[in-house]
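Under the working numbering, the first residue of the sequence shown carries the number 7, and numbering increases by one thereafter.
No lab work stands behind these hints, which were simulated from the structure alone. Mixed in with the good hints, there may be bad ones.
Unchecked claim - Lysine-lysine pairs mimicking DSSO-like chemistry, simulated, CA-CA at most 27 Å apart:
(1) K85 to K21
(2) K21 to K95
(3) K85 to K95
As the list claims (entries may be wrong) - Pair by pair, the computed Cβ-Cβ distance ranges are:
(4) G60 to R34: 21 to 29 Å
(5) Y16 to G37: 18 to 26 Å
(6) A19 to P112: 21 to 29 Å
(7) K21 to P114: 33 to 41 Å
(8) T80 to L8: 17 to 25 Å
(9) R100 to M20: 15 to 23 Å
(10) W62 to A40: 19 to 27 Å
(11) Q99 to A40: 17 to 25 Å
(12) R115 to A38: 30 to 38 Å
(13) R34 to A141: 31 to 39 Å
(14) R34 to D136: 16 to 24 Å
(15) A140 to R34: 32 to 40 Å
(16) P18 to R47: 28 to 36 Å
Glycine included, each C-beta is placed from N, C-alpha and C at the ideal position.
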Amino acid sequence: MLHHRAQFQYTPAMKALIYQFKGLGDYRLAGAFADLPRPGRAGDVLVPLPSEPGHWRERGFDPVLALFGHWGLTPLLAKADTAAPQASKTRAQRLATPQSFRVVRPLPRRRIILLDDVYTTGRTLYHAADALRAAGFAGEVVSFSLIR
7 MLHHRAQFQY TPAMKALIYQ FKGLGDYRLA GAFADLPRPG RAGDVLVPLP SEPGHWRERG
67 FDPVLALFGH WGLTPLLAKA DTAAPQASKT RAQRLATPQS FRVVRPLPRR RIILLDDVYT
127 TGRTLYHAAD ALRAAGFAGE VVSFSLIR
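Please model the entire structure based on the sequences and the hints provided.
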């Protein structure tokens with residue numbers, strides 16, 4: 007089980023906002039969340055979930071870095087391109103998605119907070135936590151998203 011906290015619920019208004027932000031590439035919307043309090047405790051390591059390289063090229067930005075980059079992040083993970091974006095998949099397809107993360111930097115010895123923009127099934131966050139554990143991280147891993 008991965009403990010998770012989200013700042014907002016996934017309402018129709020938030021769905022429209024995320025579409026404007028990610029789907030239409032309106033990077034400026036990230037500024038609306040610049041004053042959110044940093045999750046966790048002092049000393050926690052904030053690890054952004056990276057975008058797929060193809061999505062980054064299409065958008066021209068990484069949504070998680072745009073939203074939370076001012077918090078001082080530690081990018082530990084890389085993500086491979088997958089066949090289809092998570093947003094286009096059904097719940098069953100999301101849950102069946104194979105592991106696409108790998109650890110690319112030395113692991114810290116402190117609690118890790120995984121950061122994502124939207125939590126739907128949690129599959130992406132669980133894959134990230136699994137990749138950290140497979141690389142030898144034995145500490146606590148929790149997660150935070152803007153929306154769930």
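Status of each hint after checking the structure:
1. K85 to K21: Holds: K85 and K21 sit about 24 Å apart, inside 27 Å.
2. K21 to K95: holds (16 Å)
3. K85 to K95: At roughly 18 Å apart (the allowed maximum being 27 Å), K95 and K85 satisfy the hint.
4. G60 to R34: 21 to 29 Å: holds (23 Å)
5. Y16 to G37: 18 to 26 Å: holds (21 Å)
6. A19 to P112: 21 to 29 Å: violated (41 Å)
7. K21 to P114: 33 to 41 Å: Once the Cβ atoms are compared, 34 Å apart, the range 33 to 41 Å for P114 and K21 holds.
8. T80 to L8: 17 to 25 Å: This hint holds: roughly 18 Å between Cβ atoms.
9. R100 to M20: 15 to 23 Å: holds (18 Å)
10. W62 to A40: 19 to 27 Å: Holds - the Cβ-Cβ distance for W62 and A40, about 21 Å, lies within 19 to 27 Å.
11. Q99 to A40: 17 to 25 Å: violated (34 Å)
12. R115 to A38: 30 to 38 Å: Holds, at about 35 Å.
13. R34 to A141: 31 to 39 Å: holds (36 Å)
14. R34 to D136: 16 to 24 Å: Since the Cβ atoms of R34 and D136 sit about 34 Å apart, the hinted range of 16 to 24 Å is violated.
15. A140 to R34: 32 to 40 Å: For R34 against A140, whose Cβ atoms are near 37 Å apart, the range 32 to 40 Å holds.
16. P18 to R47: 28 to 36 Å: Holds, at about 34 Å.
In this structure, the earlier hints numbered 6, 11, 14 are contradicted, and the remaining ones agree with it.
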